[in-house]
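Taking the hints into account, I'd like the entire structure generated from these sequences.
Chain by chain, the residues run as shown.
Protein chains: 2
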Amino acid sequence: MSGFVKETLPRIETLDVIKQALNFPWEVKKQKGDLLAAVGKRLAEDVYASENYPPFSRSTRDGYAVRAIDTLGASQTSPSFLEVIGEIQMGIIPDIEITEGTAALIYTGAALPKGADAVVMVEYTSALQNTLEIRKPVQRGENVIIRGEDVEKGKLLLKKNSLFDFRSASLLSGLGIVQVKVIDLSIGVISTGDEIVPEDTPVIEPGKVRDSNSTMIAALLMREGYGVKKYGIARDDIEDLMRMTIKAMEENDVVILSGGSSVSSRDFTLDVMNNIGEPGLVVRGLNISPGKPTLVGGNRENQKLVIGLPGHPLSCSVVMLTFVLPLLSSLSGAEEDSIWKKRISLPAGKDIYGRSGVEEFIPAVVDEEVVNPSMAKSGFVSALQSADGLVRLPEDKETIRKGEFVEVWLW
Amino acid sequence: MSGFVKETLPRIETLDVIKQALNFPWEVKKQKGDLLAAVGKRLAEDVYASENYPPFSRSTRDGYAVRAIDTLGASQTSPSFLEVIGEIQMGIIPDIEITEGTAALIYTGAALPKGADAVVMVEYTSALQNTLEIRKPVQRGENVIIRGEDVEKGKLLLKKNSLFDFRSASLLSGLGIVQVKVIDLSIGVISTGDEIVPEDTPVIEPGKVRDSNSTMIAALLMREGYGVKKYGIARDDIEDLMRMTIKAMEENDVVILSGGSSVSSRDFTLDVMNNIGEPGLVVRGLNISPGKPTLVGGNRENQKLVIGLPGHPLSCSVVMLTFVLPLLSSLSGAEEDSIWKKRISLPAGKDIYGRSGVEEFIPAVVDEEVVNPSMAKSGFVSALQSADGLVRLPEDKETIRKGEFVEVWLW
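In the order they appear, the protein sequences are chains W and E. Every position in the first sequence, counted from 1, becomes a number in the numbering used here once 9 is added. Every position in the second sequence, counted from 1, becomes a number in the numbering used here once 9 is added.
In short, the hints are calculated from the structure, not lab data. Take these hints with a grain of salt, some might be off.
Copies of one chain are not kept apart here, so a pair can be met inside one copy or by any two copies together.
[Claimed, not checked] In silico SDA-like pairs for lysine to any residue, Cα to Cα no more than 20 Å straight-line: (1) Lys239 x Leu45; (2) Lys41 x Asp209; (3) Lys351 x Glu416; (4) Lys169 x Val212; (5) Lys164 x Lys386; (6) Lys238 x Asp43; (7) Lys145 x Ser298.
Okay, here's the thing in structure tokens:
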């Protein structure tokens, strides 16, 4: 019964212990490509601005370029009147200059003419021949963007390890950066346990359970921008498990053994951890619930990380989200993980009961302005689907009272 | 100046107008494949449970299978003592029966033996030979899942059009459903405007702007599970734009024209909308800010949808998130869009000023337990990146006071 977990470490401290023991960060393979190929992947390096943006001052509205001072006090009942001296063409440097009492028709995105410091939106104007009526004053800088106001040259735009998304694509393409390097980390997933049967097994016999975790793990890692390969199911047999683990270690940077949390499977996973080189097993239990029987080991020299995850679907996904994803970020040298950006605070809709002395994660439903624990039991295959995220109860917190703010990690 | 928007419709009403005018839902291409191929795509049909789950009652903990009544009143100082009559093997129907005063060692996932109705976690027990000491009582059903308790046969598991993610993968693989049909909707993206230059232009001349929107649109559509093809930049020339639009319509279900929001470009987009068959132009303005100059049209018979988006990066992304994504869902017959699942309510950290009479979306930063408007101007290329989502001010709301709850749409 050596598999029962007696020693556990706090989650955050564990990340540090592993970092030290395995000598993170490791040199991870990189792939260079265009922006759309990078969508959904993780940046392999920091990205900096190579120019000021915008490179020229321009209008953000359809309207009239003016000197703000000329619109002072304009109103519906007492409009200002200016002379329209021309129309700014798109895509050229305007040769018009706005002087006292004059204005020029301008479109969204067009370069601001000399002398102008604001744009009056067309809605607040009427034009009759060359006379412009303005019914609302503008401030200096209103409806325009000044050169360099948005992004200064040399500014850190995107951090290493951040997930590249539509916002990153928008930012970089606007600044003329059209190629980026992304992390090419490969992860092998092995299911373990005599009770596990392939997920396409039509009828499962009593005592058996379909291998849903490896698909869940693979899908989550794909969402997080990693490459994944599934290796199938290893029997509770040290040779079978060792053979598959070695193959997966040869072909990947990281190997995840899923399901080895029942005492017997866990013992085999422990044996494997002791046969993968130095330092082998590093962590034999996390002080989180669910997810305690998590194992972590590795080979420092060959830069291979091996993780043993609990078999419960919920435990498995809690450990993946709250521990494995940050661990993979740490491996490649990032200070924090993007998953931690999905944390918000919401008031509890009812009392949430926990235990003190252990960090707990409870599936939760966000309902209007509050968060409530989900009704699903931890072994439910529907536990993830029926929740919006996890509520976190820190180690020193036993119960969250109704109305008290609580940390919510959205999926 | 026909391009200045004079007529606008509320966003939600507009979705209905288009649905009627174009006779949604349309028959969309489907692709059948395995679960990992479906990750990040949208389901083409509802998915129902084909069996009860779990098919047998089982333990969710390592510990001892017991009759809950036999643990009544057990405590640290006054434990209950039971006789251990065996160990439940994984993967088989146990032949042991738990009767009064007896218990059996059981592992996570193992089938519950006859007579047992709960499992005592190993942490609260000590075993000496065949005598088990129990220091904490359990309730009936504690640490076990009863047959069919999780999912009943015939239950709706996942709705048509929902984004397939790691949670869906976990649920379906656990229930033995390993193939699904996903929507194969293809979208062509064309940038328009003489002021637009390719995104890889190293130095942009005054009055020009890089084509960042089409990459942003493509990246967002990819995240939402759609297929995207970029067609490059059309000049402000009706023949050029018409030729490219027709080609894109032939090759895709949906065509998005981006940038046609300056008055001149918008006029060309309007001309195109009037030349794509019946009914042609359906919507010539949305009552949202930013995003008003949005155009929607289509060809009902050939089932082609054409959308003209404003050119501002922020306006463009606001319309994409709040209008185009729900519109694409409506096209394929879904009642609501997954993007609407990312709405939460948070108290405003400061007063947020809006205008009454228009639905407004303001980039916002979630900061601890409150939400604040982001400082970025709407024309900034950094506007999306520097925010966590959008705050929504409904049409009838002018100002949100500090502390008042406001709707936040997370990216």
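Hint by hint, here is what the structure shows:
1. In this homomeric assembly, Lys239 and Leu45 come within 20 Å of each other (Cα to Cα) only across copies, at 10 Å, whereas the closest approach inside a single copy is 26 Å.
2. Proximity of Lys41 and Asp209 under a CA criterion of 20 Å is satisfied inter-copy only: 15 Å between copies versus 37 Å inside one chain copy.
3. When the C-alpha separation of Lys351 and Glu416 is checked against a cutoff of 20 Å, the pair qualifies both within a copy, at 10 Å, and between copies, at 17 Å.
4. Proximity of Lys169 to Val212 under the C-alpha cut-off of 20 Å is found in neither arrangement, the shortest distances being 46 Å within a copy and 26 Å between copies.
5. Taking the shortest Cα distances, Lys164 and Lys386 sit within 20 Å of each other only across copies (17 Å), while inside one copy they are farther apart (47 Å).
6. Taking the shortest alpha-carbon separations for Lys238 and Asp43, only the inter-copy value of 14 Å comes in at or below 20 Å, while the best intra-copy value is 24 Å.
7. When the C-alpha separation of Lys145 and Ser298 is checked against a cutoff of 20 Å, the pair qualifies only between copies, where the shortest distance is 18 Å, while the shortest distance within a copy is 60 Å.
The structure is inconsistent with hint 4 alone, although it conforms to all the rest.
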